[in-house]
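**Student:** Residue numbers (the UniProt record's numbering), protein chains in the order written: chain U, 1 to 316; chain H, 1 to 436.
Treat the hints loosely; a few may be bogus.
[Stated by the list, open to error] Cross-link-like lysine to any residue pairs, in silico, SDA-like; alpha carbons within 20 Å at most:
id, chain 1, residue 1, chain 2, residue 2
1, U, Lys20, H, Pro248
2, U, Lys127, H, Asp93
3, U, Lys20, H, Phe246
4, H, Lys161, H, Val62
5, U, Lys20, H, Leu336
6, U, Lys127, H, Leu56
7, U, Lys20, H, Leu325
8, U, Lys127, H, Gly423
9, H, Lys331, U, Lys127
10, H, Lys113, H, His182
11, H, Lys113, H, Thr176
12, U, Lys127, H, Phe246
13, U, Lys127, H, Gly328
14, U, Lys20, H, Lys113
15, U, Lys20, H, Glu244
16, U, Lys127, H, Leu51
17, U, Lys283, H, Gly281
Calculated directly from the structure, the hints in this document are not laboratory data.
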Amino acid sequence: MDRPTPVSSMTSRPFRPWQKLATAGMVAASVIAVLTTLGIVAALAGEAIAFFRMVPLTEFLFGTRWEPQIAMRADQVAGQGSFGVLPVLYGTLVISLIAMAVAVPVGLFSAIYLTQYASPRTRAAVKPSLEILAGIPTVVYGFFAVLAVAPVIRDLGEALGIPSSPNSALAAGVVMGIMIVPFVSSMSDDALAAVPQALRDASLALGATRAETVWQVLLPAALPGIAGGVLLALSRAIGETMIVVMAAGLIAKVTPNPFDAVTTVTVQIVTLLTGDSAFDNPKTLAAFALGLLLFLITLGLNLIALHMVRRRRETY
Amino acid sequence: MDQTATISTAQFGATDEPGQQPAIALNRGRSRHAADRRLRLAGLAAVGLALWFLVLLFSSLVVTGYSAFTQVTVRIEADLSSLAGKREQEIRDANWRAILRDALRGLAPDLPKRDERAFFALFTPSAHYLLRDAVLADPSMLRDGATFHIPLADTADRFAKGEIERSLPEDQRRLTDVQISHLDRLETAGRLERSFNTGLFLNSDSRFPELAGLKGAIVGSFWLLAVCFALSFPIGVAAAVWLEEFAPRSRFATLVEININNLAAVPSVVFGLLGLAVLLGWFGLPRSTPLAGGIVLALMTMPTIIIVSRAALKQVPAAIMEGALALGATKHQAILHHKLPLAMPSILTGAIIGLAQALGETAPLLLIGMNAFIAGDPGGLLDPATALPTQIYIWADSPERGFLARTAAAILVLIGFLVLMNGLAVFLRQRLAKRW
Numbered sequence: 001m002d003r004p005t006p007v008s009s010m011t012s013r014p015f016r017p018w019q020k021l022a023t024a025g026m027v028a029a030s031v032i033a034v035l036t037t038l039g040i041v042a043a044l045a046g047e048a049i050a051f052f053r054m055v056p057l058t059e060f061l062f063g064t065r066w067e068p069q070i071a072m073r074a075d076q077v078a079g080q081g082s083f084g085v086l087p088v089l090y091g092t093l094v095i096s097l098i099a100m101a102v103a104v105p106v107g108l109f110s111a112i113y114l115t116q117y118a119s120p121r122t123r124a125a126v127k128p129s130l131e132i133l134a135g136i137p138t139v140v141y142g143f144f145a146v147l148a149v150a151p152v153i154r155d156l157g158e159a160l161g162i163p164s165s166p167n168s169a170l171a172a173g174v175v176m177g178i179m180i181v182p183f184v185s186s187m188s189d190d191a192l193a194a195v196p197q198a199l200r201d202a203s204l205a206l207g208a209t210r211a212e213t214v215w216q217v218l219l220p221a222a223l224p225g226i227a228g229g230v231l232l233a234l235s236r237a238i239g240e241t242m243i244v245v246m247a248a249g250l251i252a253k254v255t256p257n258p259f260d261a262v263t264t265v266t267v268q269i270v271t272l273l274t275g276d277s278a279f280d281n282p283k284t285l286a287a288f289a290l291g292l293l294l295f296l297i298t299l300g301l302n303l304i305a306l307h308m309v310r311r312r313r314e315t316y
Numbered sequence: 001m002d003q004t005a006t007i008s009t010a011q012f013g014a015t016d017e018p019g020q021q022p023a024i025a026l027n028r029g030r031s032r033h034a035a036d037r038r039l040r041l042a043g044l045a046a047v048g049l050a051l052w053f054l055v056l057l058f059s060s061l062v063v064t065g066y067s068a069f070t071q072v073t074v075r076i077e078a079d080l081s082s083l084a085g086k087r088e089q090e091i092r093d094a095n096w097r098a099i100l101r102d103a104l105r106g107l108a109p110d111l112p113k114r115d116e117r118a119f120f121a122l123f124t125p126s127a128h129y130l131l132r133d134a135v136l137a138d139p140s141m142l143r144d145g146a147t148f149h150i151p152l153a154d155t156a157d158r159f160a161k162g163e164i165e166r167s168l169p170e171d172q173r174r175l176t177d178v179q180i181s182h183l184d185r186l187e188t189a190g191r192l193e194r195s196f197n198t199g200l201f202l203n204s205d206s207r208f209p210e211l212a213g214l215k216g217a218i219v220g221s222f223w224l225l226a227v228c229f230a231l232s233f234p235i236g237v238a239a240a241v242w243l244e245e246f247a248p249r250s251r252f253a254t255l256v257e258i259n260i261n262n263l264a265a266v267p268s269v270v271f272g273l274l275g276l277a278v279l280l281g282w283f284g285l286p287r288s289t290p291l292a293g294g295i296v297l298a299l300m301t302m303p304t305i306i307i308v309s310r311a312a313l314k315q316v317p318a319a320i321m322e323g324a325l326a327l328g329a330t331k332h333q334a335i336l337h338h339k340l341p342l343a344m345p346s347i348l349t350g351a352i353i354g355l356a357q358a359l360g361e362t363a364p365l366l367l368i369g370m371n372a373f374i375a376g377d378p379g380g381l382l383d384p385a386t387a388l389p390t391q392i393y394i395w396a397d398s399p400e401r402g403f404l405a406r407t408a409a410a411i412l413v414l415i416g417f418l419v420l421m422n423g424l425a426v427f428l429r430q431r432l433a434k435r436w
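Isolated chain U (complex conformation) (with noise of 0.2 Å):
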């Protein structure tokens, strides 16, 4: 204890109030990221819970109409089994499954023309030229869809003979597809390229064909990110909007004709919500239920999906 003390201005840095300051705003600033997803949930759950007050879990889960509009009369009584789920989802299946059958062999397939087959060249001019797709905005397939698919399916479906919407199932499902192309494309691309070369060498210099290789050697190592990657692709199509709002019909009908139209929840929330907008009343409220439920599809999708690419990255 006999030695002096340092001067404190030597060793130590001055102090700065300003960093201090600095950290506790950079704090901040991560905080509300999770106020976002915290204010997500309790805005979907408070307005669910008071439309749950309403109309009843399980009727919303499991009733077979829906009919939201009847239920604004001031004469009707909410809940009266037109808060079904069921039709809805049920479109919003068909659409996301006819999404998924374009997305899914273009996007893969194109995937494997341009990392196995095409030349360096054409490949730095097609990828980018795929991922425009990705960039263009939502508004615009749906005004695309309107204006260009949905009269060429119509047609094809009279021509079949089979009963076909304007705005058909099939319109809006396979132009989602397209706009999705691109998320797979670039997902199975990478799950591809994470296979590691000695595996492709190998099978090669076993006197596989390229074709062998990509079905026997890489598909079944990438499988798991491509899985994951398709997951994902899931999830946006299931979250999308504007296309279906714009393309896709608002009767909540359950058929197996994909000429005929089906409505999605994205579609119900924005029925639902523009306009005038009271809080009290179950048909605005509704829409936050079917937030709710959106959310927590994709949220489990997404773990999913992120859980196997994760997987996948972990194997090699």
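Given the structure of chain U, go ahead and fit chain H onto it with the hints provided.
**Tutor:** Below, chain H alone, put in the same frame as chain U:
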């Protein structure tokens, strides 16, 4: 690996018939290479299909929208002598409808009274306001007499552009034979002019397609992006710096990280619900305003900015930080003076791409109510406004035929802005971004 092994035995395992082996191997080889070609062809077809759709999308937009970039107007001379020497208020209240009608009658002097309605219907219904506003803006017209260019009404405009077939039977087109003969006469008299449609950019929305323009939507989108950038950029960069440089390996930091990744995948319409319930409902922000819409877009853009900023900070070599720290800078100083400026071009590139996404975002704005009909342009953050994508949605929903071309034209304008922003981002990346 054992799958590969099974192929090789499967492909070359036909050894039990020695005599035929070469032929089989040849056949096998041929069919195996055919399978290779098939896969290549399938890949080519997939790429071709995607690109074909891209071309189809753009060409159908251009074919539908190009005609909205021009507008046919008719040149008229109005007699304003009755207004000479009047005060501004009197001019404002003058009977402009009568002045316009007199001017229009001057175009067809021998017009029978019963045909007048059909004749006037060829011109935009609010032409008299155009006359009034032009005179109020330039009172010298009162002295010198004035020539005006009045837009044709939607149907007449499309006829003059050749979009309505003359050969159609009269009951199948919106114009009568008499109206067509009037248009022909105006044409031969050199009264009709087809010129660049400045109104598309200088007018705000209107119920009449020939007067509807994008000014209000462009101004609204500008305010939206301004709010979005002002909030998401500083918050996003600050959060990224904290996560990348300061965050201890704590549960909280992990929570923030998981949150950001999940937020990036939340459907946009859910953000709209958040804005509706929290911003409009709980905080009472005014509906349909760029402030509310901008905050929602900022929350959506923030994850993108955080992710790209962290990547940019990671790329700055550790030597930069170490050098600064060795010379006595505090950690805050080293980051603020050295690391952040070096990462900034990449951060800005990412921010611009994030803003470009925000510019095209429609669904959350619909829920905030930015799809109302607004005839003026918004003066600020708290004025009701539309944005480019919601204006496209409104026009796409309008029944008038003339809005079809306008919608496609508005989309081309929106895509033009997106191309500009992405071009700027590419420029920044190539010119300013440092490669280590």
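**Student:** Now, for every hint given, state plainly whether the structure supports it.
**Tutor:** Results of checking the hints against the structure:
A threshold of 20 Å between alpha carbons decides the hint, and for Lys20 (chain U) with Pro248 (chain H) the separation of about 16 Å falls inside it, so the pair holds. Restraint check: the Cα-Cα separation between Lys127 (chain U) and Asp93 (chain H) comes to about 61 Å, which exceeds 20 Å; the hinted pair is violated. In summary, the hint linking Lys20 (chain U) to Phe246 (chain H) is supported, as the alpha carbons are separated by about 12 Å, within the 20 Å threshold. A distance of roughly 16 Å separates the Cα atoms of Lys161 (chain H) and Val62 (chain H); the hinted pair therefore holds under the 20 Å criterion.
For the suggested pair Lys20 (chain U) and Leu336 (chain H), the alpha carbons sit about 14 Å apart, so the restraint of at most 20 Å is met. Restraint check for Lys127 (chain U) and Leu56 (chain H): satisfied, since their Cα atoms lie roughly 18 Å apart, inside the 20 Å limit. Of the pairs offered as hints, the one joining Lys20 (chain U) and Leu325 (chain H) holds, with about 18 Å between alpha carbons and a cut-off of 20 Å not exceeded. For the proposed pair Lys127 (chain U) and Gly423 (chain H), the alpha carbon gap of about 17 Å is at most 20 Å, so the pair holds.
Distance check on the hinted pair: Lys331 (chain H) and Lys127 (chain U) sit about 41 Å apart at the alpha-carbon level, beyond 20 Å; violated. Taking the CA atoms of Lys113 (chain H) and His182 (chain H), the gap is near 14 Å; set against the 20 Å cutoff, the hint holds. As the CA atoms of Lys113 (chain H) and Thr176 (chain H) are separated by approximately 16 Å, the hinted pair is consistent with the 20 Å bound. Distance hint between Lys127 (chain U) and Phe246 (chain H) is unfulfilled; the C-alpha atoms sit about 37 Å from each other, more than 20 Å.
Of the supplied pair hints, the one linking Lys127 (chain U) and Gly328 (chain H) is violated, its CA atoms being roughly 47 Å apart against a limit of 20 Å. Distance restraint check for Lys20 (chain U) and Lys113 (chain H): the Cα-Cα separation of roughly 83 Å exceeds the 20 Å cut-off, and the hinted pair is therefore not satisfied. The suggested pairing of Lys20 (chain U) with Glu244 (chain H) holds, with an alpha-carbon distance near 17 Å, which does not exceed 20 Å. As the CA atoms of Lys127 (chain U) and Leu51 (chain H) are separated by approximately 10 Å, the hinted pair is consistent with the 20 Å bound.
Proximity of Lys283 (chain U) to Gly281 (chain H) is assessed by CA-CA distance (about 16 Å); at most 20 Å being required, the pair is judged to hold.
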